[in-house]
Amino acid sequence: MNKPIIATTSLAGCFGCHMSILDIDDKILELIELVDFNKSPITDIKKFTRTVDIGIIEGGCCNSENIHILKYFRDNCKTLVSLGECAIMGGLPAMRNNIPIEECLKEAYLDGPSTHNPEGIMPNDEELPILLNKVYPCHEIVKIDYFLPGCPPRADLIWDALTALVTGEEMKLEYGVFKYD
Amino acid sequence: MSKKITIDPVTRVEGHGKVTIYLDEDNNVKESRLHIVEFRGFERFIQGRPYWEAPVLVQRLCGICPVSHHLAAAKAIDVIVGAGTGDGLTPTADKMRRLMHYGQIFQSHVLHFFHLASPDLLFGLDAVPEIRNIIGIAKENKHLAVMGIMMRKYGQEIIKATSGKKIHGTGAIPGGINKHLTITERDSFLNGKEGQNIDQMIAWSIEALDFLKEYHKNNKSFIDTFASFPSNHLSIVRDDGAMDLYHGKIRAVDTNGKVVINGIDYQNYTDIIVEGVKKWTYMKFPYLKDLGKEKGWYRVGPLARMNTCDFIPSELAQKEFEVFKHYTKGKPNNSTMHYHWARLIEVLHAAEMMKELLNDPDILTGELVIKGKKQYEGVGVIEAPRGTLFHHYKIDNNDQITMANLIVSTTNNNDPMNMAVNAAAKEMMNGQAQITEPMMNAVEVAIRAYDPCLSCATHALGQMPLELTLKDINNNIIDKKRT
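Note that the protein sequences, when read in sequence, are chains S and C.
In this text, residue positions in the first sequence follow the working numbering: the first is 1, and each later residue adds one.
In this text, residue positions in the second sequence follow the working numbering: the first is 1, and each later residue adds one.
A hint or two may mislead.
Unchecked claim - Mimicking DMTMM-like on lysine to aspartate or glutamate, the simulated pairs with C-alpha atoms at most 20 Å apart in a straight line are:
#1 Lys394(C) - Asp111(S)
#2 Lys279(C) - Glu102(S)
#3 Lys293(C) - Asp254(C)
#4 Lys220(C) - Asp126(C)
#5 Lys139(C) - Asp36(S)
#6 Lys139(C) - Glu33(S)
What the hints assert, rightly or not - Chain C stretches covered by chain S per the calculated footprint, using a threshold of three residues with CB under 8 Å from any CB of chain S:
#7 28-38
#8 50-61
#9 126-132
#10 265-277
#11 409-420
Keep in mind the hints are simulated off the structure, nothing from the lab.
Glycine included, C-beta positions come from ideal geometry on N, C-alpha and C.
So here's chain C without its partners, still in its complex pose (with noise of 0.2 Å):
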């Protein structure tokens, strides 16, 4: 008989997902499904707003990574309102935004790293399920979690001193931003006490990632070998082959490092990318329409990143992405598990470029806003943490939304995340008489390296059957009908 095994909900990621793994007669696993089971209807419920709302509606999709969707959205939305795209702003909207952008990046890798993922390292993926959380490193490790505190308060600190508010932000505007940094924020970032400045940050974030290579070194074969296969990998990057988290042309490589899509402007993301539906998730399954539905999936994110970036334009984080280019000797790193040491780079990376655009004068003074023609359609790409993120708005001429596509970084990795599941599966439970705890958790680890945002995955609106529900006069439920 086969059985079936369930973990749900799937913790310590951000949102709501379960995982459903199908087991033959001799416990070999047969079929894995990583299932979105929540749903939400942005497409449909935010036609008739006002395009300038878009920007601050659509980040409530997801209150991990709300800057991604805002400045996605303000992205296009510059281009409706003749702002051009993503280059065409005036130098501080542009920084400005930049400084969020990357404060972002940094908050919210950092949360995933100590928050939610370090647990399984520090303790091992068979430690029992109390510990392994957060709090359990605070008693293990204190420096750890209070490093781990600390580097996401500073990031929270950016995006409020940018965005006016730490999560839900009303900063970026069509063609701009509305405000500038004051020189009293700007210092504390610079020369903050208690260790709230940036050169401590970047401190920390090497710190961080010589944990990770102490851990890789002890634990080779699994960081190496474990959910891993070979994929396409997908990004924006700029025009001169560096890495631009905000801004750049769509590039695609393949597992063996072809350059397959390059120089792709992001306006015209229709011609090189289609999304699948299947009936057993809500979250839609993208991939290259060239290659098609069997070979054109792609991995997003920060493993992705460093396969399609030639260089990293910061001077620390380029030396480590020159030894983790060394390890696969410049060839596309395919494991699963060095999603966590490309994502503590780019902690790196994002703590050397905020240390740049703080020091830089533009963002104190200069003009906020520009307007150009208007126009009906826009499309805005950024590279949120987990991956690439598409917004994509039509209006009509009372500037309503008529339109509104949302492909968002964690949709992007559909196809990856299942497999990685499956892969996880079958090398911890093929053949075995028993499934025991530490082996579901193991599938969850191989789920978590992708740092996926349940989230944001649940934008779309799914399913055609309802649930009808009668309700009595004190609004107690008395009879539920699925039609």
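This is chain S alone, in the form it adopts within the complex (with noise of 0.2 Å):
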């Protein structure tokens, strides 16, 4: 039988959810025997080479490519997981959603007290995304097929959550597991 196959990205988040994905350690180890990786900034396939089975996702949605490789990820994905508190709600990048962009803006570029920016030059290049007006959690762009919150969700439970994935076998959900920090 093939092997499940996995599919991981992080847009607007810190990437400490892949982190806690690694902080499973030795069972790195089994988890490699157990499924095969796609596209994933820890491998370097860049683009989908087939239909994968489960697609895991880190952060939300801050800018038009955020959008892009969400949906490009739901086309490709058979599940898709939100991974963490940036995904499920926006999380702390949310924070700037009640901010005028333009202050933002200016704090960045031109007021801070080491930045020397006479010309008043701000980015905007055909390379970068364009940003959106707010960050947004995935399930309000695409379909999410399942939700693991905490920042970042705990290694045991991104453990235990993907071999119910791949085993088909349901996972026991007590009280304790969930951490919203």
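Both chains are given apart, each in its own frame, so use the hints to dock them into the complex.
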């Protein structure tokens, strides 16, 4: 039987959720017996080479590129999982949602005490994705099948959920499992 | 006709970035750029939050080295609560924070070397992309993969024991730390079973260094010259010139080793460092004010620290430092790929420092927190795994933050990484009829040497144009417009 295939990506996140996946430590060696990896920041596969079984999304959507990648994952993954606070609720980056964007720009590129920008240059280039007005949780953009909370979700929660998805056995969801920190 | 090569996303680095390379009619490289394509906006949205939240909020910039941001912010807030700069804390607080930090340096460097960079060395630049990853390593050389995984685990466990969590912990608080280490925890780090003890970590650090040195011997010209160029180097160092990753004063040397900045208290960092802005990336470009934009840019991180410090204050790492210095006859080392060598010397140093701190009774007992007269402004600087990290805050009478300025390690390396990308692209692609995947990977290899944390680098909010999105009642996007 072919092994289930996993893909991962980090959108507007901090990579902490990916680090928490690595925090399963020696179970990494078990995991790679159980599954194969496709597109992911930890591999050099930059475009999907086939349809995969499980897509893991870290981070919410703050720009056009995030939206594009999220839809690309939805189109190529049978099951999509929002991993962590930012994917589920926008997380800390969504703290900008109530602030006019001009203020934020000014702060970063004109007013900072170490910034020297007499010409008032702002990053704006065809290579840079377009900012969204707000940071959006992933399920407002595409259908998400499962949600794993935490900042980041604990490694053992990730492991239990992944093995449940891969083996099809129902996972025990006890109260203490979830931590919204 | 000129053409454009895009590497998107750059993989096996931490965070989001892409590279564009512009070629002329004869396929010679005209220009190359590393773009930071994400943004966050921390400087602005943290305004109004109470200052004691800074160490737990701002570390959410980055899940790879959250401890660095946690501690840099805590050090700045120490100043604000009147607990002095860095060296003013109680011995317990100082040593617990240092233990947390060296755990962080250890795990982050190990992650970079084993999980991200080693596939390039083990399989070669031109191996098929499908095997160039940690899974490929585990299949090809299981011992190397196990070493990487177990060393990272040890560092993460140290972080958990000192800060409460492996990622985004809460240990450092204004003016100190919120816990001691228990005797059980200490003993398990010193004498843990199944290789989870400090002597095993030191032994494996040496083994990793030997692996790299052997590779260097067999690939001398690649390691010595690939994507290399002269530059200034900057870090903090201890007052006696020793490497100190937790606290010190700013020093910078030029490409010939001449000390151009020395003994600067980092509370005054804006006297010596300024940042420029360019249109095509969210990341700013810092440089030394005195030397100007063209000549003042500098490198930070493991390679820079080897060039700025006079010695390493731990026995085994000092021996390796001497070998490293001897290789360039005492002159600054400007080889991009030597970042890996320097990084592994620091892994060994971090292991030795953890051992020293674990054997120190101050971590088990003693005062945790001090407070003094409230100040309205503070700067915290630390040597994060990737280089010098600056946090700067101002508060008002209500204890709310009114200003935050961050210069993260990877931002300090912005000019050098762009230089490295350009140098690698020229070496690999100039005049080639066809641009192949291995050539593009080689460009990424040059970036990877800097272990850039593009997560950190996305903290600044940028870009004027906005995307407006029109949604239908079911929240489906039906139209978008760029303003």
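Indices of hints not satisfied (ascending):
11
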